[in-house]
Amino acid sequence: MATEDPLDTDWIHGVFEVLREELVAISADFGDRVKREVDLVAASQTIRPPSAIALLTSVTVETANFAGSLLQRPTPRTAPTGPDDDDSDPNKDDA
Amino acid sequence: MSEPSDNEDAFLVREAAKRGLGGQLAFERLVDRHQSWLVRLLLHLVGDQSSAEDVAQDVFVRAFLAIESCGDGARFRGWLRVIARRLAFNHRRGARVRSHYEEQSEVGAATSWEPMAGQLEGRDLLEQVLAELPYPYREILVLRFIEELPVKDIAEALEIGESAAKMRLTRARSEFQRAFERKGGQSGDRRPS
Numbered sequence: 001m002a003t004e005d006p007l008d009t010d011w012i013h014g015v016f017e018v019l020r021e022e023l024v025a026i027s028a029d030f031g032d033r034v035k036r037e038v039d040l041v042a043a044s045q046t047i048r049p050p051s052a053i054a055l056l057t058s059v060t061v062e063t064a065n066f067a068g069s070l071l072q073r074p075t076p077r078t079a080p081t082g083p084d085d086d087d088s089d090p091n092k093d094d095a
Numbered sequence: 001m002s003e004p005s006d007n008e009d010a011f012l013v014r015e016a017a018k019r020g021l022g023g024q025l026a027f028e029r030l031v032d033r034h035q036s037w038l039v040r041l042l043l044h045l046v047g048d049q050s051s052a053e054d055v056a057q058d059v060f061v062r063a064f065l066a067i068e069s070c071g072d073g074a075r076f077r078g079w080l081r082v083i084a085r086r087l088a089f090n091h092r093r094g095a096r097v098r099s100h101y102e103e104q105s106e107v108g109a110a111t112s113w114e115p116m117a118g119q120l121e122g123r124d125l126l127e128q129v130l131a132e133l134p135y136p137y138r139e140i141l142v143l144r145f146i147e148e149l150p151v152k153d154i155a156e157a158l159e160i161g162e163s164a165a166k167m168r169l170t171r172a173r174s175e176f177q178r179a180f181e182r183k184g185g186q187s188g189d190r191r192p193s
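These protein sequence lines are chains S and V, in that order. Numbering follows the working numbering, with no gaps: position 18 of the first sequence is 18. Numbering follows the working numbering, with no gaps: position 87 of the second sequence is 87.
Check the hints yourself; a few may be wrong.
[To be verified] Only part of the chain S face toward chain V is listed, based on derived beta-carbon distances under 8 Å:
#1 18
#2 20
#3 30
#4 35
#5 37
#6 38
Simulated from the structure, these hints should not be mistaken for lab results. Here the structure is a predicted model, which means the values were calculated and not measured. All C-beta atoms in this analysis are idealised placements derived from N, C-alpha and C, irrespective of residue type, glycine included.
Using the sequences and the accompanying hints, generate a full structural model.
Next up, the structure:
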């Protein structure tokens with residue numbers, strides 16, 4: 001980077017080399033933390049329509065609910081009035 | 001020090017300013033591109049990794065909220081640096097108030113620690129000298145000798161005029177040299193040629 005006055009010949013520049021060359025490791029989840037925070041802020045500030053994450057989550061939840069409802073067996077009645085009313089037993093006709 | 005392409009920054013800033021989901025994704029790309037540099041800068045300003053990451057997160061959030069005021073997106077890093085400097089200053093001020101109350105309970109028991117000449121070497125010596133300097137001097141030395149910024153960019157980051165930046169840098173250098181020599185460091189004036 002070009003500078004107005006020569007850095008390379010400055011003795012203090014040489015002293016700082018140890019910090020300049022030092023590798024700084026950031027936490028592995030730092031970027032994710034920032035993005036999550038930005039997402040929350042964006043949602044709360046109504047800067048944009050529903051959050052990308054929230055949208056994705058809601059679609060996933062809705063899809064799971066829908067799939068679950070298709071797979072779910074009919075709920076048996078809680079108080080059958082008699083043996084003839086209990087048609088939830090698939091083996092009933094076989095007996 | 002290599003920097004990400006200014007053109008791509010400019011494009012991403014423009015996209016981010018449009019807001020919406022696309023804007024958010026563009027901003028996230030800016031986070032990816034600048035996070036390492038920002039945490040590193042803040043580490044040298046505030047002095048510890050955990051605080052540096054906390055302040056960096058705050059910097060990004062504020063930048064996101066104010067992205068429309070970034071102006072020239074190609075100067076995104078410079079703009080981010082101004083926000084970072086302000087928040088680092090606030091963080092230091094808060095930390096100083098906290099440590100003041102902690103020190104009050106130790107007055108009389110502790111004496112200032114002065115190492116013997118030659119006792120400290122390299123990085124430790126530098127850290128000790130920086131920690132001892134008034135914060136505005138530490139700040140300008142970091143911008144000059146770690147960020148390697150020209151005076152013009154330092155003035156911009158500090159939000160002061162160029163002549164004021166030059167004057168502060170001169171004073172910071174003198175203070176640094178005095179503290180450095182006092183702790184046993186060999187300054188340029190005393191180094192064998």
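Cross-check of the supplied hints:
{"no.": "1", "hint": "18", "result": "holds, 5 Å"}
{"no.": "2", "hint": "20", "result": "holds, 5 Å"}
{"no.": "3", "hint": "30", "result": "holds, 6 Å"}
{"no.": "4", "hint": "35", "result": "holds, 5 Å"}
{"no.": "5", "hint": "37", "result": "holds, 6 Å"}
{"no.": "6", "hint": "38", "result": "holds, 5 Å"}
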